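Protein chains: 2
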Amino acid sequence: MKKVTTEPTQSTEERIMAAGREVFTKKGFAATRTRDIAEAAGINLALLNYYFRSKKKLFDLVMIGKLQSFFGFIGPIIYNDKTSLETKIEMIVSSYTSLLMENPDLPYFILGEARNNPELMLNAMPKKDFLKKSAFIRQLANKKTGQDPYQFLLSILGMIIFPFLMKPIFKTLTNTNDAKFKQMMIQRVKLIPNWCKAMLRAS
Amino acid sequence: MKKVTTEPTQSTEERIMAAGREVFTKKGFAATRTRDIAEAAGINLALLNYYFRSKKKLFDLVMIGKLQSFFGFIGPIIYNDKTSLETKIEMIVSSYTSLLMENPDLPYFILGEARNNPELMLNAMPKKDFLKKSAFIRQLANKKTGQDPYQFLLSILGMIIFPFLMKPIFKTLTNTNDAKFKQMMIQRVKLIPNWCKAMLRAS
DNA sequence: GTCTATAGAGGGATAGAC
DNA sequence: GTCTATCCCTCTATAGAC
Chain A
1 MKKVTTEPTQ STEERIMAAG REVFTKKGFA ATRTRDIAEA AGINLALLNY
51 YFRSKKKLFD LVMIGKLQSF FGFIGPIIYN DKTSLETKIE MIVSSYTSLL
101 MENPDLPYFI LGEARNNPEL MLNAMPKKDF LKKSAFIRQL ANKKTGQDPY
151 QFLLSILGMI IFPFLMKPIF KTLTNTNDAK FKQMMIQRVK LIPNWCKAML
201 RAS
Chain B
1 MKKVTTEPTQ STEERIMAAG REVFTKKGFA ATRTRDIAEA AGINLALLNY
51 YFRSKKKLFD LVMIGKLQSF FGFIGPIIYN DKTSLETKIE MIVSSYTSLL
101 MENPDLPYFI LGEARNNPEL MLNAMPKKDF LKKSAFIRQL ANKKTGQDPY
151 QFLLSILGMI IFPFLMKPIF KTLTNTNDAK FKQMMIQRVK LIPNWCKAML
201 RAS
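Chains as they are written, first to last, in this note's numbering: chain A, 1 to 203; chain B, 1 to 203.
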């Protein structure tokens, strides 16, 4: 377990938090040992408990932050009445892709811990019916294609997020290196909105 | 931990194996306790070690089986020179959807354990360049859309598999119950191939 | 605040009776 | 083959010195 690269000015608490984010995100709650976090933070194990009381409490703090980065930026996009559906799709694709290129372990972590703790999602949501009441879903429904807008949403998200989930398998199966994979993800920022337009016309 | 529903004629070994499949798939390797498996199998903990030597050895056997069910059926579909690209897409969508409706925890399990053990995938593959040499990839490339066929493949798989990964979050966010979700997945068996046709025309 | 040392619980594995 | 009892290591958490 390598030491996390941290600003020298970071406080001990921040360094433990950063290490917690790194290790928990990569290995999940169960497979993570507090010793790994302490080592990654370059501190003694006792300090973790001194600052955060327990493994679980640190984990919960990490989780809250991750949920916010995963769901936080999408609100302003899908609730914007001024932008067209096409523009929203482009923004969602490019924002999520940037986020996931920076945090490749994020989706697996979120999906996994959501399985153990589905209600946690609700608390992370700004409000009830967060999706349902959005301009994005309304605009999709107004296309009058007779289709469930959520079906379309699942497909967009799948096209954006799934490649990052499949990355380890994909790299192995297709002999793709990191640079090539990154390049593919950048290409998808253009590809996916085009595909979406075609899908909307078709349905 | 409830007892696994098993045939009364199953041998003890088979019952432990079935319980292992269930618990490992649901919770992953690290979060699974051998005691959970023993309880689910309705046997004593010592018998697990008697039949399988260790937790890890049982896990590996479970993993091999899961990999085969996840990758096994796709070979005959994508290597069939007689079927059209469109037919292959329909077959992939419907086969995978059936599989995942029966085994909703399967994709998360496969993706997760593949992170820890990427080389494992290679051993599960029938041969080197399994994808690359398939009729499916060749047919996609022959579309001469100037596009990387793997980009398209990632999208299809994302549309099929991602909803199952997102199921817990999706149900919470949209107040969808199991019956409704299942119905949506069945609808997607028709929707996805149509979308794919539109995407291929577009690109 | 930060360390060392250790308590205490949990869980994988085995010995040995039946 | 199947059970009970238990070993022993690992890991979380804390006590207490500095």
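Honestly, I wouldn't trust all of these hints.
[To be verified] Straight-line C-alpha distance at most 25 Å; calculated BS3-like pairs for lysine-lysine: (1) A:K182 with B:K144; (2) A:K180 with B:K57; (3) A:K171 with A:K82; (4) B:K180 with A:K27; (5) B:K180 with A:K171.
[Said to hold, decoys possible] Partner residues are not named here, just some residues of chain B that face chain A (Cβ under 10 Å, in silico): (6) P76; (7) I77; (8) Y79; (9) N117; (10) T176.
Quick caveat, the hints were computed from the structure, so don't treat them as lab data.
The structure presented is a predicted model; accordingly, all values stated were derived computationally and were not measured.
Ideal placement from N, C-alpha and C gives every residue a C-beta, glycine not left out.
Checklist entry - Are the Cα atoms of A:K180 and B:K57 separated by 25 Å or less? => result violated, 35 Å
Checklist entry - Taking only the CA atoms, is the gap from B:K180 to A:K171 under or equal to 25 Å? => result The hint is violated at about 35 Å.
Checklist entry - Given B:N117 was flagged as interface, is its beta-carbon under 10 Å from a beta-carbon of chain A? => result holds, 9 Å
Checklist entry - Should the hint that B:T176 touches chain A count as held when the rule is a Cβ pair under 10 Å? => result Hint holds; B:T176 Cβ to chain A Cβ min 8 Å, cut 10 Å.
Next on the checklist: Is the interface hint satisfied for B:P76? The criterion is a beta-carbon contact with chain A at less than 10 Å.
Outcome noted: violated, 17 Å
Checklist entry - Is the interface hint for B:I77 satisfied, with its Cβ closer than 10 Å to some Cβ of chain A? => result For B:I77, the interface hint is violated, since the closest Cβ of chain A sits about 16 Å away, which is over 10 Å.
Next on the checklist: For A:K171 and A:K82, compute the direct alpha-carbon distance and say whether it is at most 25 Å.
Outcome noted: violated, 40 Å
Next on the checklist: B:Y79 was flagged as interface toward chain A. Is the shortest Cβ-Cβ separation under 10 Å?
Outcome noted: violated, 15 Å
Next on the checklist: So if I understand the rule, the pair passes when the alpha-carbon distance is 25 Å or less; does B:K180 with A:K27 pass?
Outcome noted: Violated. B:K180 to A:K27 sits at ~33 Å, over the 25 Å cutoff.
Checklist entry - Taking only the CA atoms, is the gap from A:K182 to B:K144 under or equal to 25 Å? => result holds, 23 Å
The structure fails to meet hints 2, 3, 4, 5, 6, 7 and 8 from the earlier list, while all remaining hints are met.
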